[in-house]
Amino acid sequence: MTIIEQRFIQPGVTTRQRWSNYFAVLLGVIAVVTLLNLRASIVTATVVYRNDAEGIVATYPQNWLIDENGGVDYIFRVRNMQEVGFKTTFRVSAIPTSTDTARRTVLDALAMERAQTFSNYRILSVEPYTGLGETEASIASYQYIATDQNPFQQSLPAVVQGVDVLVLSREQAIVITMLSDAASFEENSVLFERFLTDLEF
Amino acid sequence: MLFRSLKLMSMIAVSLFFVALATAQPTTPLETQIERIQRATIFVYQVQDVQDSFHITCVSSGTIVSRDGLILTNAHGTSQSETCPGDAIVIAISTDLQNPPVPLYRARIRQTDPGLDLALLQIVQNIDGRQINPDELALPFVELGNSAQVSLDDTLTVVGYNGLGDQPVQTVRATVVNFTTEPTGERTWQKLNVAVPGVMTGGGAYNRDGQLIGIPTIAPVANETSDIDCIVVQDTNGDRLVNSEDICVPLGRSINALRASQFALPLFRAAALNLETNLDFDADQTEFVASDEEPEVSRLFFSSSVNDAGMPTSIVTSLPTGATSLYLFFDYDHMTPVTTYELRVTTGNIPNPTYSLPPVRWSGGTSGMWYTGSDQNWENGVYDFTLFIDGIAQATASIVIGGAPADEATLSDLVFGLSDLEGTPLGNGFVLPVGNTASARFIHRNMTSEIEMVERWLYEGAEFYRASDPWSMDVFGADGARTLSIRDVSNLSPGRYRLEIYLNGRLAATSDFSIAGAAQGAFPQVFTDAHYTDGPTDASAAEAVTISSFSAGVDSLYAVFDWQQIQRGTSWTVRWLVDGTVFYEETLRWRQENSGENFLLALEGNPTVPDGTYRLEVYVGQVQLASAEATVGIGQLSIDRFSGTEGLQLRGTIIDTDTGRGIPGVTFVLLTEEFSVADFVWDSEQIFALATTDRNGFFEVDRLLEISTEARSIPYSVVIQAEGYLPITQDGFVVDAETENPLELTIYLTRE
Chain F
1 MTIIEQRFIQ PGVTTRQRWS NYFAVLLGVI AVVTLLNLRA SIVTATVVYR NDAEGIVATY
61 PQNWLIDENG GVDYIFRVRN MQEVGFKTTF RVSAIPTSTD TARRTVLDAL AMERAQTFSN
121 YRILSVEPYT GLGETEASIA SYQYIATDQN PFQQSLPAVV QGVDVLVLSR EQAIVITMLS
181 DAASFEENSV LFERFLTDLE F
Chain W
1001 MLFRSLKLMS MIAVSLFFVA LATAQPTTPL ETQIERIQRA TIFVYQVQDV QDSFHITCVS
1061 SGTIVSRDGL ILTNAHGTSQ SETCPGDAIV IAISTDLQNP PVPLYRARIR QTDPGLDLAL
1121 LQIVQNIDGR QINPDELALP FVELGNSAQV SLDDTLTVVG YNGLGDQPVQ TVRATVVNFT
1181 TEPTGERTWQ KLNVAVPGVM TGGGAYNRDG QLIGIPTIAP VANETSDIDC IVVQDTNGDR
1241 LVNSEDICVP LGRSINALRA SQFALPLFRA AALNLETNLD FDADQTEFVA SDEEPEVSRL
1301 FFSSSVNDAG MPTSIVTSLP TGATSLYLFF DYDHMTPVTT YELRVTTGNI PNPTYSLPPV
1361 RWSGGTSGMW YTGSDQNWEN GVYDFTLFID GIAQATASIV IGGAPADEAT LSDLVFGLSD
1421 LEGTPLGNGF VLPVGNTASA RFIHRNMTSE IEMVERWLYE GAEFYRASDP WSMDVFGADG
1481 ARTLSIRDVS NLSPGRYRLE IYLNGRLAAT SDFSIAGAAQ GAFPQVFTDA HYTDGPTDAS
1541 AAEAVTISSF SAGVDSLYAV FDWQQIQRGT SWTVRWLVDG TVFYEETLRW RQENSGENFL
1601 LALEGNPTVP DGTYRLEVYV GQVQLASAEA TVGIGQLSID RFSGTEGLQL RGTIIDTDTG
1661 RGIPGVTFVL LTEEFSVADF VWDSEQIFAL ATTDRNGFFE VDRLLEISTE ARSIPYSVVI
1721 QAEGYLPITQ DGFVVDAETE NPLELTIYLT RE
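Here the protein sequences line up with chains F and W, keeping their order.
With the first letter of the first sequence counted as 1, position 188 gets the number 188 in our numbering; the numbers rise by one all the way through.
When you read off a place in the second sequence, starting at 1, and then add 1000, the result is the number in our numbering.
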């Protein structure tokens, strides 16, 4: 009996094939990196807002709804309308002051006013803010319960956490506000810090 | 993924298309708006806030008339009074039309007219006391219609509440069977063929176009506190018993009278424009002065019609078959805006609700001559009219209608003026300049020589001249016109006058007139140099130059005029209009010196006086004696883009395809017709309306969609983008007259 051993012999990889493999892997890596960059650019894409009358230039996240119809309440605000639940809001407003007005006075007045309209409004902290370089600022952190005003809808209230960054400039107080659902506050704070950094007034 | 998204978008597009074209039966505007009207109908609690506990003191219905929470209702159920002693107002809304209303807000009175029994409330707080910014409200509201266009036999829909807030909103169909006219204006009251519950007072009655054209009105009567009309529901004195010692809540009798909506327009206009008017007089010079005197009525008589000055044209004691108008006149004194008066009419001793008037607030000032009546066919019969003041019968008069015209002597069409050489009175008829003569001219018919005529002249209620003489057929004849005159060499004093003419002891003609102002020919110059001006203070405004055009954004303006020879106590009326619409009108007794300069009327805006053309008119009686006009800004009111009540209500539910459950917190974006989805850059200027889903995924667009016509198509675009879900967009979303209204959409979102 003769035993014949059959073996599958791996054919040798040609140079061309080897380079093809290398290129395939390389393309894959490039594609992943590109997609990651694309995603990052989409996520971090911003739009420039310019208000010459108020001397304000800001950049805000793309696809956030901008609103300049605030009258005396705010100069402009942007809201993430795609967010499910409470819409994260960045808002810039100006309050007339005098040369004797202290930042703390403005923040206290804001707190007293908001306590009249917001449920369970509570100041969490008030402290100096150093994120604007050499510009002296204060930051107030607070929370309240936001409810829908439409009596015909059964909306549940949301716990909102907010911060006001306040700067006194040219006899007015510039108040930069972030309002966010408390559950996503930290996540949105990153965007807000970027917003603050890019803000010119 | 892309294919899936496109497929979904196309599915939604198709579904939206078909839903939008879902045809419904042709309906009247009222039928399409009835749900909105019912939602806008609210229940008003007047309460006493006692140590954080609310004691209900009065209840009524009301109607939201603007999206920012202005509410039209009766004054008696909201203003503090003996029968309604509460000091706070709570508003309950029917969030579910099948169930009773839910207390949600607190309100304050913005404008009120106690006499007309109308009030405009403003929602200012949540029920828990938190302040509300009215601009952030988007409540359903109704449009005020033109009540002058209502006709007899029109079908109206009355909407309001019954009970003490324990029943859902009610709708009653009724037919207009009569109009009652009073000195305050034609068709002051619309009478219905059915009686609606008393708590519907303050609600609304709507025409076929869904416009509010009347306010069901009945006032609680202080002397009528039977168990039926006033019920006790709470332990308000803290004795742990609910009994007659506690506050009772008046429910009022059933109502068949509507206050015409035209009387609410000035209040609404002033409130909507945030305008306040201040007259130049001290607080203690207001029209109604507290008095211990009891209100009273007297001298009841009938006239077949009323002239332009509100005076009887011809006094009658009977009317022939086919009489088409009848008015009851009477004198009144010591009345106040919180006085209730009621007219009960019987025909052949059977109550006749068509001509009766339920207890309503008094709107005629302290004293004077009043009338109530209607222009329509009066059936034959013996009519007995009984006037009740604060629930007590005070005076009665009867008239027979039927048979052939009587041949009795009649006097009619009494007018006053300065006589020319032929004895014809010249002037405006009822306001004469100060001078030494005054003449009255009347038409007489069927006079005979057996008639003795007595003329009786009164000044400020006191007789100062009387003359009587047999009728001279040779001089005056049976039919014709005659002039009577009085003369005083030292001039007739300015003030209120009355002439009464009796024939054989029967009052045959009477009329009031005024003497005021300097003579300019036969016409009086009472108010002069009327103009607009401005200034930081009243004193500086009085001296400032005339301004006919104010810049936009002015916070106040003044109207100024001089006056001469007007007696204290003379009734005068100030009326303010913007763009031709009255927003302020008040009739007062003159309280200043007889002559003077710079009477100031301030018009204050909050924060500014809106752009428009402002006109001031000043009257004595019904005669306009002065006017002034000025423009602010562009001279025309701006158009409120949220004021429309015509259109399609859009709502729906956004559902998770996987779970089949509604998705809370998703935003539904509707773009204006100028922008497509491709143009949308997330700018609020591009958005027609926004809505966010509630915990059930339900959303409701708070602005009505404009309905496309053959002449004009209005394509909206829809954007729904929610994190974690595939987006949905749609251009060309059109609704037309055939589209079901309200339109309910069901939109499915698929997770990414």
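Mixed in with the good hints, there may be bad ones.
Now the in silico label distances, taken between C-beta atoms and shown as ranges [claimed, not checked]:
(1) W:1276 <-> F:95: 22 to 30 angstroms
(2) F:156 <-> W:1751: 30 to 38 angstroms
(3) F:113 <-> W:1273: 41 to 49 angstroms
(4) F:95 <-> W:1131: 34 to 42 angstroms
(5) W:1551 <-> F:169: 45 to 53 angstroms
(6) W:1711 <-> F:96: 27 to 35 angstroms
(7) W:1635 <-> F:123: 24 to 32 angstroms
(8) W:1333 <-> F:96: 50 to 58 angstroms
(9) W:1129 <-> F:156: 18 to 26 angstroms
(10) W:1548 <-> F:156: 50 to 58 angstroms
(11) F:187 <-> W:1279: 56 to 64 angstroms
Computed footprint of chain F on chain W, listed as stretches where at least three residues anywhere in the stretch have a Cβ under 8 angstroms from a Cβ of chain F [what the hints assert, rightly or not]:
(12) 1254-1266
(13) 1421-1427
(14) 1566-1572
Don't read these hints as lab results, they were simulated from the structure.
The C-beta atom is built at its ideal place from N, Cα and C for all residues, glycine as well.
Using the Cβ atoms, figure out if residue 1711 (chain W) sits within 27 to 35 angstroms of residue 96 (chain F).
-> violated (49 angstroms)
Check the following: the C-beta atoms of residue 1276 (chain W) and residue 95 (chain F) are separated by a distance inside 22 to 30 angstroms.
-> holds (26 angstroms)
May I ask you to test the hint 24 to 32 angstroms on the CB atoms belonging to residue 1635 (chain W) and residue 123 (chain F)?
-> violated (48 angstroms)
Is 50 to 58 angstroms a correct range for the gap between the Cβ atoms of residue 1548 (chain W) and residue 156 (chain F)?
-> Since residue 1548 (chain W) and residue 156 (chain F) have Cβ atoms about 56 angstroms apart, the given range 50 to 58 angstroms holds.
Mind taking a look at whether chain F covers the segment 1254-1266 of chain W? Criterion is 3 or more residues with CB to CB distance under 8 angstroms.
-> Per the Cβ count (0), the hint is violated.
Is the gap between the beta carbons of residue 1333 (chain W) and residue 96 (chain F) within 50 to 58 angstroms?
-> holds (55 angstroms)
Per-stretch coverage check for the segment 1566-1572 of chain W, three Cβ contacts closer than 8 angstroms to chain F | violated (count 0)
Assessment of proposed distance window 34 to 42 angstroms (beta carbons of residue 95 (chain F), residue 1131 (chain W)) | violated (18 angstroms)
Residue 1129 (chain W) versus residue 156 (chain F) beta-carbon gap, inside 18 to 26 angstroms or not = holds (21 angstroms)
Can you take a look at whether the segment 1421-1427 of chain W is actually covered by chain F? Rule is 3+ residues, C-beta closer than 8 angstroms.
-> violated (count 0)
Outcome of range test on Cβ distance (residue 113 (chain F), residue 1273 (chain W); 41 to 49 angstroms) | violated (26 angstroms)
Is 56 to 64 angstroms a correct range for the gap between the Cβ atoms of residue 187 (chain F) and residue 1279 (chain W)?
-> With Cβ atoms ~60 angstroms apart, the hint holds.
This entry does not satisfy hints 2, 3, 4, 5, 6, 7, 12, 13 and 14, going by the numbered hints stated previously.
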